[in-house]
Structure formats: C-alpha cells, structure tokens
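Participant: As a plain string of letters, each chain reads:
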Amino acid sequence: MKYPYFPGCTLYTKAKKLDDAGRECSQKLGFELDELKDWTCCGATFPLVNDYHIAMSGPTRILADTKARGDDKLVTLCSVCFNVLKRTNHVMRNDEERRAKITDFIERDYHGEVEVLHYLQLLRDEIGFDTLREKVVKPLTGLKVACYYGCLLLRPVKEIGLDAMENPTIFEEFIRALGAEPVEFPYKVECCGAFQTVHSMTTATRCSHDILRSAKNSGADLVITTCPLCQFNLDDRQPEIQKSHTAFSAIPVLYFTQLLALALDLPAAGLGFERNLIDPLPLLKEKGIVS
Amino acid sequence: MKTVISRSQVKGDFVSKVAEISGENFFNCYQCGNCSAGCPSVDEMDLLPSQVVRYLQLGLVEEVKSCKSMWVCAACMMCHARCPKGVDISKIMEALRVLRLREVGAEAHIDVTDFSDDYLARAPQIAMISGYRKFLPL
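Protein sequences appear in the order of chains S and Y.
Count the first sequence with the numbering used here and you get residues 1 to 291, in order.
Count the second sequence with the numbering used here and you get residues 1 to 138, in order.
Calculated from the structure, these hints are not laboratory results.
Ideal Cβ placement from N, Cα and C applies to all residues, glycine included.
Please note that the accuracy of each hint is not assured.
Some chain S residues close to chain Y (C-beta under 8 Å, calculated; not the full set) [unchecked claim]:
#	residue
1	His199
2	Arg206
3	Phe232
Chain S on its own, in the form it takes in the complex (with noise of 0.2 Å):
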C-alpha cells in the first residue's frame, strides 16, 4: 500500500531522525511513504484569525497537489504540519467564502476532498496495533516510556478528532504493541512551550520542567514525542533546567518512530541518536534494546 506523505521542512534538516526511522519502518510494516513533488513548508502555524487567508494558502496548494494525483489521503509524521493541514483542511471543507477567496488566489481547485492523517493514526486504523505488535521483533521488554502529546496532536478536538482531549491513549497503545511500559503521566497533554523558544524562554524552559519531572516522578525512563518542536524543548532546556533545579537528572526525549525502529530491528547506528542532547544510548545498552 502507497500513501501520499508530506515531510515538512524541519523533517528534512533538523528532525531527519524521525523521517528515515518513519520511512524505513513503514518498509518493514508493509506500506509505503510516497513523498509529494515539489512541496513547500506548511507554514508552521495554523492562522488563528479569520482574516488572514494568506498563511492558508501553502497548506492549500499542499492538499491541492494531493488531489490532482488523484489520491484522497495524505500522511504526515509532524505534530504541526499535521495540525495546520487538518485545520486548513476543516477550514476548506465548511467555509464556502474563505474556500471561495483561498482557491481563486491559487488558482486551484479545492474543496477539502482529501484525509490528513498521521502516521500513529494510519498505524491504529490502517494497519491496526495488533498487526502491529505481530511484526515486532524486539520488543522493548522493561522500558517505561511516558508518553508525550502536546497540543498540536490533538487540539483542538472538534477539528483534529485523532483522539480524547485529556486522556488520550492511540500512543500508549501504541507503546504496548511495541513490548514496553506507558507510564501514568498527568502532564501529557500540558503544552511545552512551543514558539516561546524563541521569545519567551522561561516560558519554554518552565513547562518543560513541569513536564520532564512529572513524567520522572511517574517512573518514566524516557519520554518520546511526534513533534520536532517539543523534542527540541524538551530535549535542549534540560541543562538550563539542571542550572537552577539541580535535584534533577536528565531524562532522554525520542520521536516515537526510533522507538518503532528499534522494536523492528532496525540498527540504533542509523536511527540518529547522536544529535540528541540527553543521550539515550546509555539507557538503551542498559536495558538491553541496543547492544
């Protein structure tokens, strides 16, 4: 099976890591991801007024380009592209005026036809968790993961409808196919500060403490995310963390698809790890998953 697969700029450069493993597991899983021709960045926020139709337009020629191939689903593996292409989407489906100005500017034509899907999504309703769980082939026995959703993942809810807003469960019943432990973690779906990184950086530096000590405090060994933006914060602000908390001990953050990777056997040499901040080999050897 072929699906239609959107990247994304970050997913090419910074976030390689959660691209390849997303790409090589999805061989091993049986389907494949059939990248757009010349797409362009999403635009990394989806417009939260209504009177500014040009931030829409990217994301429209993107599903637009879908079309014209003739397919009716597009998968993506990034929190955020995934949220500005589904609320676009919603946006082209159930506003005939803001369609009608969008799709004249463009020259295309549009009309919300296509299914924006993420790639946990496509593994739960596609190919189905316990197909899953059949196909691993290590699994990840004795690792407790917390996992991490964010807000692009799921909010808002009327719109993204990929799962509950305050007790959502696709990625714990992801973790389970995989052999590992979910943890119980009430700050999985609290935001890590998103942009603010770039304006507010105690605002970012703040919320992922709140986030990394509740998971710890919950017996997490790692955290694991779908986006590229709560891996960096997550991940970067641990040592500014260190600095005025110094009780706490780094905990390493993962994208969901190097843990998929190494449940399939895919090896840890390719998968990356070594542009992580808070390296997660040690933990890894330590538990056995990685020799």
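For this one, chain S is given, so just place chain Y on it according to the hints.
Facilitator: Here is chain Y on its own, set in the frame of chain S:
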C-alpha cells in the same frame, strides 16, 4: 482603584475588531477561571487569560492593548479545551497580537541576531517560522 467603564469603549472600534477577527463572543464568558488555571504561560502574564476577556467585556481598551499576556501566549489551546462555554482565548490573544503587529511602525518582538549560532544550529525550522509569524510586524 477606580475603573471607568464607558459605553463608547464597550461598543468601540477596537473591541468590535477583536471580536470580528477572532470570531469570539466575549460575553459568553462568566469568569469561572478554568482558562487561567490551566494556562502554561500565566507566570509570565500581567493579566490572566480570564482577565483579558473581562477587560474586553468592560471595554478597558488601553489596558488590554498594552498587556504582556498576548505576547507570552503559546497558542496551546488548553484554555479553549477546558472552557465550559467554548470561548477560544487563543484566538482572542492572536487577534490582539495581530492588531498590534499591523499598526504602522509596529516593533518586532524577536530579533534573529539575538540568537547564538549554536542555538540556531539546533533550533528546528518550525520554531523560527512560527516565531516570525507570531512576533514580527505584518
């Protein structure tokens, strides 16, 4: 503190514009404070999210225009998710931000030269792009 509330401000252009472009009706809010209780940025805010809505209800335009809160909102939408009346404060905060950023001579709220090379080498593109979109004059 004496607060003057005037009909001209409650019904004025600024409040109407915020309501129009955010698409939100401030008068749905009954000040339960759920938004402020769950907001990750309140430590850096001068007005709580629920206070921003209250000030808009009362037409306290200058206080709202000059508040810091709109600039530290991370648009995480937790306020909206937990509001019993469905008010989306992230849209109100964005409306306040863009109205400031659309003013003639609006100031930039981030400067790329403030970041170290090391930081720029690590920060994902989505951080910089969304930062530009939220904090630079439009």
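Participant: Each of the hints needs a verdict: does it hold here or not?
Facilitator: Here is what the structure says about each hint:
A cut of 8 Å between beta carbons decides the hint on His199 of chain S: the least distance to chain Y is about 5 Å, and the hint holds. Contact between Arg206 of chain S and chain Y, as hinted, is supported at the beta carbon level, the nearest pair being about 6 Å apart and thus within 8 Å. With 8 Å as the threshold, the beta carbon of Phe232 of chain S comes within range of chain Y, its nearest partner Cβ sitting at about 5 Å, so the hint holds.
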